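Visitor: Work out the full structure, taking the sequences as your base and the hints as a guide.
Below, each chain spelled out in residue letters.
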Amino acid sequence: MKKSLRTSLAALAALAAAVMLPTLALAQTHAAHEHGKVAVDIAVEREQLTIGIDTPLDNLLGFERAPRSAAEKQAADAAVARLRAADGWLRIDPQAGCQLQAVTLESGALGLGGAPAEGEHADLEGSVTYRCTDATRAAWIDVGLADAFKRVKVLQVQVAGPQGQAKQTLSGKNRRVVLAK
Amino acid sequence: MTPLITLAARSAWNRRFTLMLTVASIALATLLLMGIERLRTDLRANFSSAVSGTDLIVGARTGSTQLLLYSVFRIGAATNNMGWASVQALAAHRAVAWVVPISLGDSHRGYPVLGTSGEYFERFRYGNRQPLKLAEGRAFNQLFEAVLGADVAEQLGYKLGQRLTLAHGSGELVAEHADKPFVVTGILARTGTPVDRTVHISLESMEALHVDWVGGVQMPGRALTPDQLREMNLQPKAVTAALVGLKSRPAVFSVQRWVADYRAEPLMAILPGVALDELWEVVGVGEKALLAMSVMVGVVSLAGLVSVVLAGLNERRRELAVLRAVGAGPRHVLALLALEGALVTLAGALLGLLLALGGAAALGPWLQSRHGLVIGWGMPSTAQWMLFAAVVATGWLASLLPALRAYRLSLVDGLSPRI
Ligand SMILES: [Zn+2]
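So the sequence lines, in the order shown, correspond to chains V and D.
So that you can map any letter, position 127 of the first sequence is 127 in full-length UniProt numbering, and since no number is skipped, the others follow by simple counting.
So that you can map any letter, position 206 of the second sequence is 206 in full-length UniProt numbering, and since no number is skipped, the others follow by simple counting.
Keep in mind that the hints were calculated from the coordinates and are not lab data.
Any given hint could turn out to be false.
So the derived label-pair ranges between C-beta atoms look like this [as the list claims (entries may be wrong)]:
(1) 180(V) to 230(D): 45 to 55 Å
(2) 154(V) to 293(D): 48 to 58 Å
(3) 139(V) to 189(D): 30 to 40 Å
For the chain D half of the interface with chain V, some residues (derived, Cβ under 7 Å), not all of them [stated by the list, open to error]:
(4) 271
(5) 274
(6) 277
(7) 278
(8) 330
Just so it is clear, the structure is predicted and the values come from calculations on it, not from any experiment.
Virtual Cβ for every residue (Gly too), placed ideally from N, Cα, C.
Guide: Written as structure tokens, this is what we have:
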């Protein structure tokens, strides 16, 4: 078979992928438990915007089990309250006309339902729903989890919207998920 | 000013060889930068258009990029399969609208063979959610029928009714499934995606090819005839991956998690668009290196030319003195040389731009038919214009160096250079 440009380009891509295998292996286990990282899933529909988060409890509390002391209990309650007040850490492009509708949190270790914690590592899964006049008009969403919780360093964002799917990684001072391509 | 311009033009004509070299080298640097930028963006567009309207791709657990590369682009191979029971469980999930299983591994004269269900032709989308269209014939509806991608048919000169045999595997050493010939029943319209380079057969045909094979070899004396095979249950036991469409968009993340937590076997689900972005993160490093290299080529050639012009200035001191004699101040000398530099750079950059556009126009059809790569040759993109402006600005700034030197020389020398 003739060696074509296409195959060599493809081979190049495959080679690059193979070289980067360790990094990619990390990237693929999207919901993997990794301290400092939060998986953020954003689904955009016309009248509804859904933001899902999946984070190790360590990111929110600094420990990963049911709170023991009164101080720990207080810290856990404060973290949960901060997450529930989603308008405090989420800002959506006003173009979309979105109103916070519901916040659901699940964490076995915190007694918020969901799967009981297995072994050493416990997670919290959350889902925030907004009602919007037209969510597809939103050009951006600011996710301020790293401001609300100091231990959060990196947001791994997956977006599924009318313009297709995309991936973004927010770290450092960057809070903005860009929706319009 | 007119005699000055005339003199400058004559001087430029005397130095036409050096100036032409400058123009050519700037043109080459421009061509390189513009070409790489175009190839980069078009390659992305090509890859992005290869799959659309598929919410998730599910396969055995591996890297997300690997799953994307082999399931959509037929690059690499699956290390593990996905059991048929898992395909059925997935199809039964309440958020799932459709599942199209695909099975890869065989080839025909270097083109990959894809085993799939008939639903593939209705569900698969590419580009801007365009469905597949048959240019000729019909989809397969029984054993040993094949539907060809546009490139396969064109390159191999196959028509409807053509008989072909498939090869087991896709490396150099392939064993032919010679006892089970296929017949072409359909040829797809061109899509500009890997579909064009694929031979499509049914999952049952794929299974039939391999029921009398064990570990990559046909069992001697156990070969089954096509008629015997038609009597058998040919439901596959495993497939390579499954394309999944969902009933609603927000479900994509919960189904992804459901697949990741699937107990019966280790599976993973990727969002094709997300996996593609991950691929670009990796490829982007190489692209930046390529771009940096062409910038270096530009800088080196400019540096070389600046030094040539600087070296030539000493011999031009008489000429500068003549310019002064006909009434040019040092400022005029500076302006003339800056103008010359600007014109030369602009000419070079424009030539490079024309070469880039012409090259894309000339190579486009060939790339499309040979490699399934669609290269646009329309107007330059914003990024290309920015590169163009950068080349012109850098080239002009570089040409200012000799101009400043000439300015200083003519200040010192006045009307009588001491040579
Ligand atoms: Zn085979």
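Visitor: So, for every hint listed, does it hold in this structure?
Guide: Quick rundown of the hints versus the structure:
1. 180(V) to 230(D): 45 to 55 Å: holds, 54 Å
2. 154(V) to 293(D): 48 to 58 Å: Taking Cβ atoms as reference, residue 154(V) and residue 293(D) lie about 31 Å apart, which means the hint is violated.
3. 139(V) to 189(D): 30 to 40 Å: Cβ of residue 139(V) to Cβ of residue 189(D): about 36 Å, so the range 30 to 40 Å holds.
4. 271: holds, 4 Å
5. 274: At 4 Å from the nearest chain V Cβ, residue 274(D) passes the 7 Å test, so the hint holds.
6. 277: holds, 4 Å
7. 278: With a closest approach of 6 Å, the residue 278(D) hint holds.
8. 330: violated, 50 Å
Consistency note: the structure conflicts with the earlier hints numbered 2, 8.
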